[in-house]
Amino acid sequence: KKVCIKHPDKKREAPEDLFTTNYEELLNDPQINLIVELIDDADEAYKIVTTAFKRGKSVISANKKLIAEHLHELIALQAEHQVSFLYEAAVCGSIPVIRNLEEYFDNDLLQSINGIVNGSTNYILTRLSEGYTYPEALLEAQQKGFAESNPALDVEGYDPANKLTILLAHAYGIIAEPSQLLRQGITKLHAKDAAYASEKGLKIKLVAQAKKLSDGKVAAFVLPQFVTPDSQLYNVANEYNGVTIESKLADKQFFYGKGAGRYPTSSAVISDISAFGYRYQYEYKKLQRQDKSNLTNNYYLDVFVSFSAWADVNKWDFEQVTEYHSTAERQYIRGIVHAEKLRAAEWFEDPSVSVILQPDGLIEKESLVTQSIKKVSLQLAGVTLT
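In the numbering used here, the protein residues as written are 1 to 386.
Hints were generated in silico from the structure; no laboratory data involved.
If you're wondering where the values come from, they're calculated on a predicted model, not measured in any experiment.
It cannot be assumed that every hint is accurate.
Here are the simulated lysine to aspartate or glutamate pairs, EDC-like style, with alpha carbons at most 16 Å apart [stated by the list, open to error]:
#1 K144 <-> E156
#2 K211 <-> E24
#3 K341 <-> D360
#4 K252 <-> E283
#5 K248 <-> D302
#6 K2 <-> E37
#7 K54 <-> D29
#8 K192 <-> E329
#9 K341 <-> E364
#10 K1 <-> E25
#11 K2 <-> E25
#12 K217 <-> D29
#13 K211 <-> D251
#14 K285 <-> D106
#15 K365 <-> E340
#16 K258 <-> D230
#17 K200 <-> D230
#18 K248 <-> D106
#19 K212 <-> D360
#20 K1 <-> D17
#21 K217 <-> E364
#22 K6 <-> E37
#23 K47 <-> E69
#24 K315 <-> D302
#25 K315 <-> E283
#26 K47 <-> E25
#27 K6 <-> D29
#28 K200 <-> E323
#29 K6 <-> E16
#30 K11 <-> E25
#31 K47 <-> E73
#32 K365 <-> D302
All chains, please: the whole structure from these sequences, using the hints.
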């Protein structure tokens, strides 16, 4: 009925009387029962969505930051006012991952979910593997509309962390804050990291993943990761996304499609509009379960860490070191580190230090935890101790 726009001077291929710059016109119209929110301001979107709910209007959104940061409140509010809240477009563009988790995997025991959920960073990483510099790759991604003019949300890993937060609710019934997740983006990756990956026949991807551990708790994080040629994610290139869901009964299923760009997003939005037409709602069955899982940081990660000098990294943070190499320009260490210790380490935030997860790098239990064994493993790796 009406479209609220931000830039009235922009040329549009529709009659002018369809447009307004005042969203209150839509919220106050009793004939409008559905609001489609597609703006990039999460704070303003929050006002629009919550007001719409309170006025008995259903909402379709693609705003992953809004949803991830306020999911608990938004679920409660839409239930209170008996309206629909659909947001398939908020995660993985054209891939229907949320609805599959809600419907197909509603009764299966989900083991893990992992994937490339940000098309912007995947486009940049694809170009880096082809020899582009980071600034060149970023500029091209921006020119093609895959990255914003301010790309920090994408390249620093905030966007995939928001998406993983949403997926946790539908996969495991976990309502989490994005800040709870271990997160690192791609801004700290070094050219030597890409060279190492190429030499080993690997590719670097920014992977969001969650896995149910043997104690029933869930590990969830967003990290750059080496992927092997036999991984489904290895050939996910450019702006495409790929998600693998593993469950007890159905085993592994892989979802692949475009995750960035206006057309993939519009495809998911239109699908939600169609679903609203037959009164579809997320049931959030997993949130109601008494045995639902909780997040944990009690696990270990097998990581590749590259840096300029040993002073940049605390070697005693590692439980075990399996590899060490040094050149005039760059040094790297491969070892096992506890997730909580990694999260708290100053060097994890150091812009000169890159951290890349090894393939199958999540380790539930690590027995080599004594300082004496740490010392032996460091010495065997060729690290000089002081």
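Verification of the supplied hints:
A hinted pair counts as satisfied when its Cα atoms are at most 16 Å apart, and K144 with E156 does not qualify at roughly 20 Å. A C-alpha spacing of about 43 Å is found between K211 and E24, which places the hinted pair above 16 Å, so the restraint is violated. At roughly 19 Å between alpha-carbon atoms, K341 and D360 are farther apart than 16 Å, so this suggested pair is violated. A distance of roughly 24 Å separates the Cα atoms of K252 and E283; the hinted pair therefore is violated under the 16 Å criterion.
Taking the CA atoms of K248 and D302, the gap is near 25 Å; set against the 16 Å cutoff, the hint is violated. Between K2 and E37, the direct Cα distance comes to roughly 12 Å. Compliance with the 16 Å bound is thereby established for this hinted pair. A hinted pair counts as satisfied when its Cα atoms are at most 16 Å apart, and K54 with D29 qualifies at roughly 13 Å. Restraint check: the Cα-Cα separation between K192 and E329 comes to about 9 Å, which is no more than 16 Å; the hinted pair holds.
Between K341 and E364 the CA atoms are separated by roughly 15 Å; this keeps the pair inside 16 Å, and the hint holds. Of the supplied pair hints, the one linking K1 and E25 holds, its CA atoms being roughly 11 Å apart against a limit of 16 Å. Between the alpha carbons of K2 and E25 the distance comes to roughly 8 Å, so the proposed pair stays at or under 16 Å and holds. Pair hint K217 plus D29 does not hold up; C-alpha atoms about 46 Å apart against a cutoff of 16 Å.
Annotation: proposed proximity of K211 to D251 holds, straight-line Cα distance about 14 Å (limit 16 Å). Of the pairs offered as hints, the one joining K285 and D106 holds, with about 7 Å between alpha carbons and a cut-off of 16 Å not exceeded. Of the pairs offered as hints, the one joining K365 and E340 holds, with about 13 Å between alpha carbons and a cut-off of 16 Å not exceeded. In summary, the hint linking K258 to D230 is not supported, as the alpha carbons are separated by about 21 Å, beyond the 16 Å threshold.
Our distance criterion of 16 Å between C-alpha atoms is met by K200 and D230, whose separation comes to about 13 Å. For the hint pairing K248 with D106, the CA-to-CA distance comes to about 12 Å; that is within 16 Å, so the pair holds. As the CA atoms of K212 and D360 are separated by approximately 14 Å, the hinted pair is consistent with the 16 Å bound. A C-alpha spacing of about 10 Å is found between K1 and D17, which places the hinted pair at or below 16 Å, so the restraint holds.
This hinted pair checks out: K217 and E364 have alpha carbons roughly 11 Å apart, not beyond 16 Å. For the proposed pair K6 and E37, the alpha carbon gap of about 13 Å is at most 16 Å, so the pair holds. Distance hint between K47 and E69 is fulfilled; the C-alpha atoms sit about 13 Å from each other, no more than 16 Å. Distance restraint check for K315 and D302: the Cα-Cα separation of roughly 14 Å lies within the 16 Å cut-off, and the hinted pair is therefore satisfied.
A hinted pair counts as satisfied when its Cα atoms are at most 16 Å apart, and K315 with E283 does not qualify at roughly 47 Å. For the proposed pair K47 and E25, the alpha carbon gap of about 14 Å is at most 16 Å, so the pair holds. Under the criterion of a C-alpha separation no larger than 16 Å, the hint pairing K6 with D29 is inconsistent with the structure, at around 19 Å. For the hint linking K200 to E323, the alpha-carbon distance of about 14 Å falls within 16 Å, and the restraint holds.
Pair hint K6 plus E16 holds up; C-alpha atoms about 14 Å apart against a cutoff of 16 Å. This hinted pair does not check out: K11 and E25 have alpha carbons roughly 21 Å apart, beyond 16 Å. For the hint pairing K47 with E73, the CA-to-CA distance comes to about 13 Å; that is within 16 Å, so the pair holds. Distance hint between K365 and D302 is fulfilled; the C-alpha atoms sit about 12 Å from each other, no more than 16 Å.
In this structure, the earlier hints numbered 1, 2, 3, 4, 5, 12, 16, 25, 27 and 30 are contradicted, and the remaining ones agree with it.
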